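Undergrad: Sequence:
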Amino acid sequence: MEKTIAAISSGLQPSGICIVRMSGPEAIGIADSVYKSRGGKKHLSRVKSHTIHYGFVCNGDEILDEVLVSVMKAPRTYTGEDVVEINCHGGVLVAKRVLELLCLRGAMPAEPGEFTKRAFLNGRMDLSKAEAVIGVINAQNDFALKSSVRQLQGAVSVKIRELREKILDEMSFIEAALDDPEHYDLDGYAETLSGHLQPVETELQGLLLRADQGSILYEGVRTAIAGRPNAGKSSLLNMLAGYERAIVTEIAGTTRDVLREQVQIRGISLCLMDTAGLREASDPVEQIGVNRAREAIEEADLVLYVADAALGLSEEDLQTIRSCEKQEVILLMNKTDLLQDTENETVLAAREQFFGCPKVHVMPFSAKTGEGQKKLEDLIVSLYDAEKLLYNNEVTITSARQKELLRKAKESLSMALQGAELGVSEDFLNVDLMNSYRALSEIIGEEVTDDVIDRVFEKFCMGK
1 MEKTIAAISS GLQPSGICIV RMSGPEAIGI ADSVYKSRGG KKHLSRVKSH
51 TIHYGFVCNG DEILDEVLVS VMKAPRTYTG EDVVEINCHG GVLVAKRVLE
101 LLCLRGAMPA EPGEFTKRAF LNGRMDLSKA EAVIGVINAQ NDFALKSSVR
151 QLQGAVSVKI RELREKILDE MSFIEAALDD PEHYDLDGYA ETLSGHLQPV
201 ETELQGLLLR ADQGSILYEG VRTAIAGRPN AGKSSLLNML AGYERAIVTE
251 IAGTTRDVLR EQVQIRGISL CLMDTAGLRE ASDPVEQIGV NRAREAIEEA
301 DLVLYVADAA LGLSEEDLQT IRSCEKQEVI LLMNKTDLLQ DTENETVLAA
351 REQFFGCPKV HVMPFSAKTG EGQKKLEDLI VSLYDAEKLL YNNEVTITSA
401 RQKELLRKAK ESLSMALQGA ELGVSEDFLN VDLMNSYRAL SEIIGEEVTD
451 DVIDRVFEKF CMGK
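Under the working numbering, read the sequence shown as residues 1 to 464, first letter to last.
Wrong hints could be hidden among the right ones.
Quick list of in silico lysine-lysine cross-link-like pairs, DSS-like style, CA-CA up to 27 Å [stated by the list, open to error]:
id: 1; residue 1: 374; residue 2: 326
id: 2; residue 1: 146; residue 2: 96
id: 3; residue 1: 3; residue 2: 146
id: 4; residue 1: 3; residue 2: 96
id: 5; residue 1: 459; residue 2: 159
id: 6; residue 1: 359; residue 2: 374
id: 7; residue 1: 146; residue 2: 403
id: 8; residue 1: 36; residue 2: 48
id: 9; residue 1: 96; residue 2: 73
id: 10; residue 1: 48; residue 2: 3
id: 11; residue 1: 368; residue 2: 403
id: 12; residue 1: 96; residue 2: 459
id: 13; residue 1: 73; residue 2: 3
id: 14; residue 1: 159; residue 2: 408
id: 15; residue 1: 326; residue 2: 408
id: 16; residue 1: 459; residue 2: 146
id: 17; residue 1: 42; residue 2: 96
id: 18; residue 1: 359; residue 2: 375
id: 19; residue 1: 375; residue 2: 459
id: 20; residue 1: 159; residue 2: 146
id: 21; residue 1: 166; residue 2: 374
id: 22; residue 1: 408; residue 2: 374
id: 23; residue 1: 159; residue 2: 403
id: 24; residue 1: 408; residue 2: 375
id: 25; residue 1: 375; residue 2: 403
id: 26; residue 1: 403; residue 2: 374
id: 27; residue 1: 48; residue 2: 73
id: 28; residue 1: 146; residue 2: 375
id: 29; residue 1: 3; residue 2: 459
id: 30; residue 1: 375; residue 2: 326
id: 31; residue 1: 326; residue 2: 403
id: 32; residue 1: 166; residue 2: 375
id: 33; residue 1: 3; residue 2: 42
id: 34; residue 1: 96; residue 2: 36
The following label-pair restraints were derived from C-beta to C-beta distances [unchecked claim]:
id: 35; residue 1: 298; residue 2: 96; range: 42 to 50 Å
id: 36; residue 1: 373; residue 2: 316; range: 23 to 31 Å
id: 37; residue 1: 356; residue 2: 206; range: 33 to 41 Å
id: 38; residue 1: 459; residue 2: 337; range: 17 to 25 Å
id: 39; residue 1: 12; residue 2: 407; range: 36 to 44 Å
id: 40; residue 1: 202; residue 2: 149; range: 21 to 29 Å
It is worth saying that the hints were derived from the structure and are not from the lab. All figures in this text were calculated on a predicted structure; none of them were measured in a lab. C-beta: ideal position from N, C-alpha, C; glycine also.
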């Protein structure tokens, strides 16, 4: 018999209410052993499912708390088992006392994510939906929340099952033809296979491309603020953060380490990294900061490169920006408030230097006055268009595990299509098709190992 588990599901901090949850075959019986109604005559084991009952949690004659108890009977519950939720007052001590009492009466403390793990194992949700649950819990921005809710509603499951079915149709035909060649003709089948599965390959490629942008938006755009000393990098950080996060002085080299700050721009999360000024430093501590600045640029998705508009771009500026092959770069020609004409020669020269470079965007800017801030935000929003991903009804995968399985599925399917063009035997084609099918199945939790399941659910918080 499956053990009955219990945990505090609403977190351990003072609050208005706290929920202690139980799930398992003895959940209602254990709750009954500690519950006392106002009149003392009600038994939770006799009440209807999905009902709430007022009363007290008691340890013998001692009343621990005044509570509301929700009773939900299998199978129409979150876990597919009997579930009881005790809504008590939100004091940390009282919640712990209630949980300890339930464990004394036979419940076992739940592991992180064990309630959702049981929901998956009992067929209440597939693995992609289970991962969406933690996505909702951990969401730090609008895109993360909305995309996780869509996945929880089954957007990923539906798409993966649809693609998998098309691959299965071809596998079934090949198997039938190999077993009964008299009734199934494989002549010219390579062209038929390509016609049926090239659209699937295209869809898998589209899912992978959207997964790249989706993971950036989900986790936050890693944004390095870079440039020479005293260009205005820390002032830009303070502007975007909305408070004095970094020390700003006229002394070059003030920033020695990478300062990190999370900010929101119209629902998009930026993981800002303010870095040391780029130059050859004689001070060994400053040089370490410069090395870390270059590492931050390398790992960034977006580089906000700050240059002094009055000084123009140095050769080192040009080399650093041109080395950003994978990143989007917004070149901010800063301190335009000190110039009579914001479109001065250095700004125009910078635009000319990067003419024809679609990933480098040049604009005049003033971190001191805020000139250009709205245009900067407009540009960032256009580069990372969360609304487009959310509202064009296309599936966006944000899980690293799912993305890797998509890559494997696409790779195996491509090998099958290439093999068909080269005239490879159909039984060998079926091996590649099976590998693609299995990778897609693992996304939704079919043909998945216990180790993978454990890794997914160990990331959950306690009580979920």
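Undergrad: Give a verdict on every hint.
TA: Hint-by-hint comparison with the structure:
1. This hinted pair checks out: residue 374 and residue 326 have alpha carbons roughly 25 Å apart, not beyond 27 Å.
2. For a cut-off of 27 Å, the pair hint linking residue 146 to residue 96 is broken: about 33 Å separates their Cα positions.
3. A distance of roughly 35 Å separates the Cα atoms of residue 3 and residue 146; the hinted pair therefore is violated under the 27 Å criterion.
4. For a cut-off of 27 Å, the pair hint linking residue 3 to residue 96 stands: about 20 Å separates their Cα positions.
5. A hinted pair counts as satisfied when its Cα atoms are at most 27 Å apart, and residue 459 with residue 159 qualifies at roughly 25 Å.
6. Annotation: proposed proximity of residue 359 to residue 374 holds, straight-line Cα distance about 20 Å (limit 27 Å).
7. The straight-line distance between the Cα atoms of residue 146 and residue 403 is roughly 18 Å, inside the 27 Å bound, and the hint therefore holds.
8. Proposed proximity of residue 36 and residue 48 is supported: the alpha carbons are some 17 Å apart, at most 27 Å.
9. With a C-alpha separation of about 25 Å, the suggested pair residue 96 and residue 73 falls inside the 27 Å cut-off, and the hint holds.
10. Proximity of residue 48 to residue 3 is assessed by CA-CA distance (about 23 Å); at most 27 Å being required, the pair is judged to hold.
11. Between residue 368 and residue 403, the direct Cα distance comes to roughly 42 Å. Violation of the 27 Å bound is thereby established for this hinted pair.
12. Annotation: proposed proximity of residue 96 to residue 459 holds, straight-line Cα distance about 23 Å (limit 27 Å).
13. Using a Cα cut-off of 27 Å, the hinted pair residue 73 and residue 3 holds, with the two alpha carbons roughly 16 Å apart.
14. Restraint check: the Cα-Cα separation between residue 159 and residue 408 comes to about 16 Å, which is no more than 27 Å; the hinted pair holds.
15. Taking the CA atoms of residue 326 and residue 408, the gap is near 23 Å; set against the 27 Å cutoff, the hint holds.
16. Between residue 459 and residue 146 the alpha-carbon distance is near 20 Å, which keeps this suggested pair within the 27 Å criterion.
17. Taking the CA atoms of residue 42 and residue 96, the gap is about 25 Å. The hint holds against a cut of 27 Å.
18. Restraint check: the Cα-Cα separation between residue 359 and residue 375 comes to about 16 Å, which is no more than 27 Å; the hinted pair holds.
19. For the hint linking residue 375 to residue 459, the alpha-carbon distance of about 39 Å lies beyond 27 Å, and the restraint is violated.
20. The suggested pairing of residue 159 with residue 146 holds, with an alpha-carbon distance near 17 Å, which does not exceed 27 Å.
21. A distance of roughly 47 Å separates the Cα atoms of residue 166 and residue 374; the hinted pair therefore is violated under the 27 Å criterion.
22. For a cut-off of 27 Å, the pair hint linking residue 408 to residue 374 is broken: about 42 Å separates their Cα positions.
23. Annotation: proposed proximity of residue 159 to residue 403 holds, straight-line Cα distance about 14 Å (limit 27 Å).
24. Taking the CA atoms of residue 408 and residue 375, the gap is near 40 Å; set against the 27 Å cutoff, the hint is violated.
25. With a C-alpha separation of about 33 Å, the suggested pairing of residue 375 with residue 403 is violated against the 27 Å cut-off.
26. Straight-line distance between C-alpha atoms of residue 403 and residue 374 comes to about 34 Å, which puts the hinted pair past the 27 Å bound.
27. This hinted pair checks out: residue 48 and residue 73 have alpha carbons roughly 8 Å apart, not beyond 27 Å.
28. The hinted pair formed by residue 146 and residue 375 meets the criterion: a straight-line CA distance of about 26 Å does not exceed 27 Å.
29. With a C-alpha separation of about 22 Å, the suggested pair residue 3 and residue 459 falls inside the 27 Å cut-off, and the hint holds.
30. Distance hint between residue 375 and residue 326 is fulfilled; the C-alpha atoms sit about 23 Å from each other, no more than 27 Å.
31. The hinted pair formed by residue 326 and residue 403 meets the criterion: a straight-line CA distance of about 19 Å does not exceed 27 Å.
32. Distance hint between residue 166 and residue 375 is unfulfilled; the C-alpha atoms sit about 46 Å from each other, more than 27 Å.
33. The straight-line distance between the Cα atoms of residue 3 and residue 42 is roughly 25 Å, inside the 27 Å bound, and the hint therefore holds.
34. Only pairs whose Cα atoms come within 27 Å are accepted, and residue 96 paired with residue 36 is accepted, the gap being roughly 19 Å.
35. Between residue 298 and residue 96 the beta carbons are some 46 Å apart, a value that agrees with the proposed interval 42 to 50 Å.
36. For the pair residue 373 and residue 316, the supplied restraint of 23 to 31 Å holds, since their beta-carbon distance comes to about 26 Å.
37. One distance hint, 33 to 41 Å for the beta-carbon pair residue 356 and residue 206, is violated here, with the actual separation near 28 Å.
38. At about 47 Å, the CB distance of residue 459 to residue 337 disagrees with the hint of 17 to 25 Å.
39. Distance hint check for residue 12 and residue 407: the Cβ-Cβ separation is about 39 Å, which falls inside the suggested range of 36 to 44 Å.
40. A C-beta distance of roughly 27 Å is found between residue 202 and residue 149, which places it inside the suggested range of 21 to 29 Å.
Comparing the model with each numbered hint stated earlier shows that hints 2, 3, 11, 19, 21, 22, 24, 25, 26, 32, 37 and 38 do not hold.
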